[in-house]
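Chains as they are written, first to last, in this note's numbering: chain R, 497 to 605; chain F, -16 to 97.
Do not rely on the hints blindly, as some may be mistaken.
Pairwise CB distance ranges, derived in the manner of DEER restraints [what the hints assert, rightly or not]: (1) R:GLN575 - F:SER63: 19 to 29 Å; (2) R:ARG604 - F:GLU35: 41 to 51 Å; (3) R:SER563 - F:ASN56: 39 to 49 Å; (4) R:VAL509 - F:SER63: 25 to 35 Å.
Some but not every residue of chain F turned toward chain R, in silico, with C-beta under 7 Å [stated by the list, open to error]: (5) TYR47; (6) GLY79; (7) ASN84.
These aren't lab readings, by the way, just hints derived from the structure by calculation. Every residue, glycine too, gets a C-beta built ideally from N, C-alpha and C.
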Amino acid sequence: GQSLEQPSEVTAVEGAIVQINCTYQTSGFYGLSWYQQHDGGAPTFLSYNGLDGLEETGRFSSFLSRSDSYGYLLLQELQMKDSASYFCAREDSSYKLIFGSGTRLLVRP
Amino acid sequence: NAGVTQTPKFRVLKTGQSMTLLCAQDMNHEYMYWYRQDPGMGLRLIHYSVGEGTTAKGEVPDGYNVSRLKKQNFLLGLESAAPSQTSVYFCASTNGQGAGNEQFFGPGTRLTVL
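Required output: the full structure, derived from the provided sequences and hints.
Shown next, in the form of structure tokens:
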């Protein structure tokens, strides 16, 4: 079963900022990754946090707090093309990924 | 480079039939993975491989077998398909160098078992 929790849906307005939270179980935890998946498409890598703190990649940032078993993905200057599902994934041994159930982001004009 | 490719893209099976899904990567990656994704859900790891000739079970291995005879190929087999195996199957690979390695995903195989 899934050992990560994230909201099922988030709605935001174009140009706004949205934060998608993720909590995880700590057993065998190496780091937290984020993937984006458009409808009908394959997941694509967005970001990774192995240490506490913020990682920034363009309009996307990701944060990790190991002590709180918590992370989030921050999307700034939202665009219509950002409408997609976003998955947090816990990195396990052998670089395995255990995925959350995903957050469906709808960006409205 | 083609990246990660999967064959076939679509398939319909009858209960009890068998089939093999092929995953190929041209990035010389050591690590390869098979996931399934059911509607509205995240990906669940079926089996994985840490190198040529190796395989290991993931979260949901029952009803599936895998083989990694060549480094670039990772095969997923269904010996006797069941309707519960109707899903989208994704293959992924990574180079395994350092933590947080990006996994590169294939386009997926959409399988329906009647």
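Here is what the structure says about each hint:
1. Checked against the given bound of 19 to 29 Å, the beta carbons of GLN575 (chain R) and SER63 (chain F), roughly 46 Å apart, lie outside it.
2. Checked against the given bound of 41 to 51 Å, the beta carbons of ARG604 (chain R) and GLU35 (chain F), roughly 48 Å apart, stay inside it.
3. Distance hint for SER563 (chain R) and ASN56 (chain F): a CB-CB separation of about 42 Å, consistent with the stated range 39 to 49 Å.
4. Roughly 50 Å separates the CB atoms of VAL509 (chain R) and SER63 (chain F), a value that falls outside the hinted 25 to 35 Å.
5. Given the 7 Å rule on beta carbons, the hint for TYR47 (chain F) is violated: about 16 Å separates it from the nearest Cβ of chain R.
6. A least Cβ separation of about 6 Å between GLY79 (chain F) and chain R falls short of the 7 Å threshold, and the interface hint therefore holds.
7. Given hint, ASN84 (chain F) at the interface with chain R, holds; its Cβ is 5 Å from that chain's nearest Cβ, closer than 7 Å.
Checked against the numbered hints above, the structure breaks hints 1, 4, 5 and satisfies the rest.
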